[in-house]
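**Student:** For reference, the chains in residue letters:
Number of protein chains: 2
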Amino acid sequence: MSVERLSINQITVKDLSFEETVKSLAAHGIGWIGAWLGPVAECGVERAAKLLREHDVRVSSVCRAGFFTGANPDGGGLDRAANERAVDVTAALGSDVLYLVCGGIGDLGLPASREAVVEGIAELAPYAAAAGVRLAVEPLHPMMCADRSVVVTLDQALDIAGRFDPAHVGVAIDTFNVWWDPNLMAAIERAGERVIGYQVCDWLVPQPHPLFGRGLPGDGAIDLPAITRAVDAAGFTGPIEIEIFNEAVWAADPDDVLGAIIGGFDRSVLG
Amino acid sequence: MSVERLSINQITVKDLSFEETVKSLAAHGIGWIGAWLGPVAECGVERAAKLLREHDVRVSSVCRAGFFTGANPDGGGLDRAANERAVDVTAALGSDVLYLVCGGIGDLGLPASREAVVEGIAELAPYAAAAGVRLAVEPLHPMMCADRSVVVTLDQALDIAGRFDPAHVGVAIDTFNVWWDPNLMAAIERAGERVIGYQVCDWLVPQPHPLFGRGLPGDGAIDLPAITRAVDAAGFTGPIEIEIFNEAVWAADPDDVLGAIIGGFDRSVLG
Numbered sequence: 001m002s003v004e005r006l007s008i009n010q011i012t013v014k015d016l017s018f019e020e021t022v023k024s025l026a027a028h029g030i031g032w033i034g035a036w037l038g039p040v041a042e043c044g045v046e047r048a049a050k051l052l053r054e055h056d057v058r059v060s061s062v063c064r065a066g067f068f069t070g071a072n073p074d075g076g077g078l079d080r081a082a083n084e085r086a087v088d089v090t091a092a093l094g095s096d097v098l099y100l101v102c103g104g105i106g107d108l109g110l111p112a113s114r115e116a117v118v119e120g121i122a123e124l125a126p127y128a129a130a131a132g133v134r135l136a137v138e139p140l141h142p143m144m145c146a147d148r149s150v151v152v153t154l155d156q157a158l159d160i161a162g163r164f165d166p167a168h169v170g171v172a173i174d175t176f177n178v179w180w181d182p183n184l185m186a187a188i189e190r191a192g193e194r195v196i197g198y199q200v201c202d203w204l205v206p207q208p209h210p211l212f213g214r215g216l217p218g219d220g221a222i223d224l225p226a227i228t229r230a231v232d233a234a235g236f237t238g239p240i241e242i243e244i245f246n247e248a249v250w251a252a253d254p255d256d257v258l259g260a261i262i263g264g265f266d267r268s269v270l271g
Numbered sequence: 001m002s003v004e005r006l007s008i009n010q011i012t013v014k015d016l017s018f019e020e021t022v023k024s025l026a027a028h029g030i031g032w033i034g035a036w037l038g039p040v041a042e043c044g045v046e047r048a049a050k051l052l053r054e055h056d057v058r059v060s061s062v063c064r065a066g067f068f069t070g071a072n073p074d075g076g077g078l079d080r081a082a083n084e085r086a087v088d089v090t091a092a093l094g095s096d097v098l099y100l101v102c103g104g105i106g107d108l109g110l111p112a113s114r115e116a117v118v119e120g121i122a123e124l125a126p127y128a129a130a131a132g133v134r135l136a137v138e139p140l141h142p143m144m145c146a147d148r149s150v151v152v153t154l155d156q157a158l159d160i161a162g163r164f165d166p167a168h169v170g171v172a173i174d175t176f177n178v179w180w181d182p183n184l185m186a187a188i189e190r191a192g193e194r195v196i197g198y199q200v201c202d203w204l205v206p207q208p209h210p211l212f213g214r215g216l217p218g219d220g221a222i223d224l225p226a227i228t229r230a231v232d233a234a235g236f237t238g239p240i241e242i243e244i245f246n247e248a249v250w251a252a253d254p255d256d257v258l259g260a261i262i263g264g265f266d267r268s269v270l271g
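Protein chains in written order, with full-length UniProt numbering: chain Y, 1 to 271; chain G, 1 to 271.
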């Protein structure tokens, strides 16, 4: 098993605390975690950083800042202070990749909302740069355009990121969000060094839930190895995060889930 | 009310028979119907054509042929004979627009499935051309890529249609399917005379159902007048079909639904 690049996103084992997750990953020989702010806050940032050091687990990315349009289905609107705290937490955990969920359609409509995303990143980027944190613009699936992210294709994310220094703003590729795109392979090649995050899960057929239709690699319709090869060819050498929103996965024993992910990683993700 | 261009798709009043629908539309002063094969077959094709003539209602389009990849969640796979019958019915109803739902991912994966769509259209197009029927390649929303249509953007539909004579193969634009596309306005301009079908409904927030999240124009997140203006500017002067999949709409009195659509057409669709 070549699991050196394997990272497990916290949401995949969401019923575990941050501490439990770090210990589980270490026990399975997994060296990376994709962190979410909530579980880290529950643990305490300093204690979380200490746990990571003790167990030799590194943070591949932090989820998330964003909602620059003010439209956030979880409430709260645009919260500049929270976005800056997300940068602080990312740096405190020793990570340099902060995912952006850019926000759905605000009061001004779609074109203005897309402009608001650029403005919001321009406002946050200097703060992040000063902390040594890169912002990862993540296109979400078009089915989330209205309520979560008006950024919906990799090309669009690249158009946005392209306005900023690549040392400070890149893009994140999540297979679930972009696999359908007829221009995906060309966009990944175009992305090159802008790729600073890569998340993997499969698209289940049929989708078992409007939001939680993601499956373990190999269980769905996406040719994941083809996308991984393209991401690698673009120059990305970082960790590959398995991020799964799925009620059956959440109901399973986390040790079994981690075992299945490790067992299938070579064949279903690296290819 | 300028309802000269208003067409009602059969699915919007799906609990009405074809005959009831034609009579209702005529009673409301609506001169167009978007027909589905099932209700037409139940009515009988000849009888359906006679009803249309008697009530001075014309068919803006017929739904559907396709599933060229063999992947059809409703069963049946690729059925060439059924596709040819769909052409025959379209011509018999006096329409010259047959929508294509191209099919989801077949056994060979996504790239080969997309090639199969081109091959399938190439096979059907001469038969359709001989009948005076144009095939409308419809991009579906990317959330349907795996199981219903590997054609998911207007640009991709245009790339496919572009391989054929514009007299025989065009594209259909359905606002629900394409509204999120950052390149939509440019793609509509590019489409020009290739636009041979235009369907309108809104995107409800939140989506009330994984498949049936469409709303009456004005009830959702899409700037419908902006898209209508772009479609008009591209040169399309045909009927505008209101096609709504929504359980609340289906549960309502069809006369009320038609009244609401007529009442909002100027403001929420034409703009």
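To be clear, the hints were calculated from the coordinates, so they are not data collected in a lab.
One or more hints might be untrue.
Which copy? The list can't say, so a pair holds if one copy fits it or any two copies do.
To be verified - Below, in silico cross-link-like pairs of lysine to any residue (SDA-like), each with a Cα-Cα straight-line distance of 25 Å or less: (1) K50 / G162; (2) K23 / A230; (3) K14 / P206; (4) K23 / D107; (5) K14 / G75; (6) K14 / A125.
**Student:** Each hint: holds or not?
**Tutor:** These are the hints, each one checked on the structure:
1. K50 / G162: neither (36 Å within a copy, 59 Å between copies)
2. K23 / A230: Answer is neither: 32 Å inside a copy and 56 Å across each miss the 25 Å cutoff.
3. K14 / P206: Both: 23 Å inside a copy, 24 Å across copies.
4. K23 / D107: Answer is neither: 44 Å inside a copy and 40 Å across each miss the 25 Å cutoff.
5. K14 / G75: Only inside one copy: K14 and G75 sit 21 Å apart there, 37 Å across copies, limit 25 Å.
6. K14 / A125: neither (29 Å within a copy, 51 Å between copies)
The structure shown violates the earlier hints numbered 1, 2, 4 and 6.
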